[in-house]
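S.K.: Sequence:
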Amino acid sequence: MPAPIVEFTDAEQRTLAELQIAVFRNKIILDAQPPITADQLAAVQAKVDGKLSPDLLALWNTSFGGALDYDYDVVFGDHLYSASLRELFYPNSEHYDDLNGWIENEIEVLQEIAEARDEPIPRKTPFVPFGGFEYLERFYVSLLPNEYGSVLVYAQGIPWKGRLNEDSVTITADSLGALFDQLALYQDPFEADPDDYASGTDIVARIAEIEADHPELAAKLKRLLRASIIDWRRIVETTDFANPISPAETQALRLGLANAANHSDLQTIDQLHLHGAPFDVTVTGKQGVLGLAMMLQKHDVVDRLLTLNVDVGDAPVVDATNCSDELLQRLIGKGVRFDEHAIFTAASTGAIDGAIALAQSKQVVDPPALEKMIATAEERAVINERDAAKVESGKLGSYLTAEQYRQRAVKLREFAKRLRSE
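Per full-length UniProt numbering, the very first residue in the sequence shown carries number 1; after that it's consecutive.
Source of the hints: derived by calculation from the structure; they are not laboratory data. Beta carbons: idealized from backbone N, C-alpha and C, even for Gly. Any given hint could turn out to be false.
[Stated by the list, open to error] Ranges of calculated distance between the beta carbons of each label pair, as one might list FRET restraints:
#	residue 1	residue 2	range
1	G77	R223	33 to 43 Å
2	G77	S246	17 to 27 Å
3	P244	D325	40 to 50 Å
4	T401	A11	55 to 65 Å
5	I210	Q329	53 to 63 Å
6	V169	P244	27 to 37 Å
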């Protein structure tokens, strides 16, 4: 157990419990449920195959469920995944499912596997689900002898470019305690205008609610929360990236590059370059800073990276929405690789010359045949026209107007026509 960053008096701990706030391994839990009872523990133990790990028991003896609001990354193979560990499961919660439901779900999955393999049907699970997010993510403590106490995470794949496309499972921490110790805040939630969905903002809001009645307690919670903020700017300013770097410095580099792409922070790009930082590291998913900047349409960042002539890695760019013909040509000249999806996003938003140059280049990963590319462009044009009609009828909510969908259809057909005549 790590040393407490903040000490709470017995009276303060009672007040925290009344406010449904708990602290476990220096992390704040909101909507904190009371500690697990003997009957609840027996009910869980009856459904799991193995003795519950000490760390899991320690968590449940602190708070048998609640809500978290921290950042946490999971590595699935070569995919860097941003987890949404928001729920700590408990019985009879009002979320997508409760603890008992998720345990039963795991038992049913194991039973289906056993039936398919003609093996004895299990009645218990060695994987204890303790948290996650709706049906998209689940975190488990394993009770298997060869990985006892370790934390596994499951994430559901979604069919979007740049996202995790396949259901994935991996061991992400040696223990639940280690997992909690790795929870962090990648942005300062106390900033006046934090990013949408920035972690920690729910905790800040809850502290603000109790501050008038409990100022000293609120001050301690603020101090505790601030201890989880990663000061990546300070690390970037003081690190010589030309030398071998630590895991903390690697994380700061990723956060700095992600911030640069998200906020057109050219100053950080220049500073990292001055300090000899590599620009080919994965920032999110399989994308580096170049790919992320292209996805976010931060073309000033792309321009700066090309001007600096840095190595941006070989991850294919998946999106070229609203990219200019000139910038696409520069990227092609730089030798940047592309996913075929980038061709159609470029063409549909006006960069038809660039899209044709890209289609004719040798830098598209697994490029489709010419006729297939033409057919896909025409199919996408039809889809855009259908979406325009849906927007007009109110059947589709979108950030694009019906006219913008129709403009994209026109440009895709022009692209297909020109590609056919090349």
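S.K.: All hints are to be evaluated individually against the structure, with a verdict given for each.
M.R.: Evaluated hints:
no., hint, in the structure
1, G77 / R223: 33 to 43 Å, "holds, 38 Å"
2, G77 / S246: 17 to 27 Å, "holds, 23 Å"
3, P244 / D325: 40 to 50 Å, "holds, 41 Å"
4, T401 / A11: 55 to 65 Å, "holds, 58 Å"
5, I210 / Q329: 53 to 63 Å, "holds, 57 Å"
6, V169 / P244: 27 to 37 Å, "holds, 31 Å"
Checked against the numbered hints above, the structure breaks none of them.
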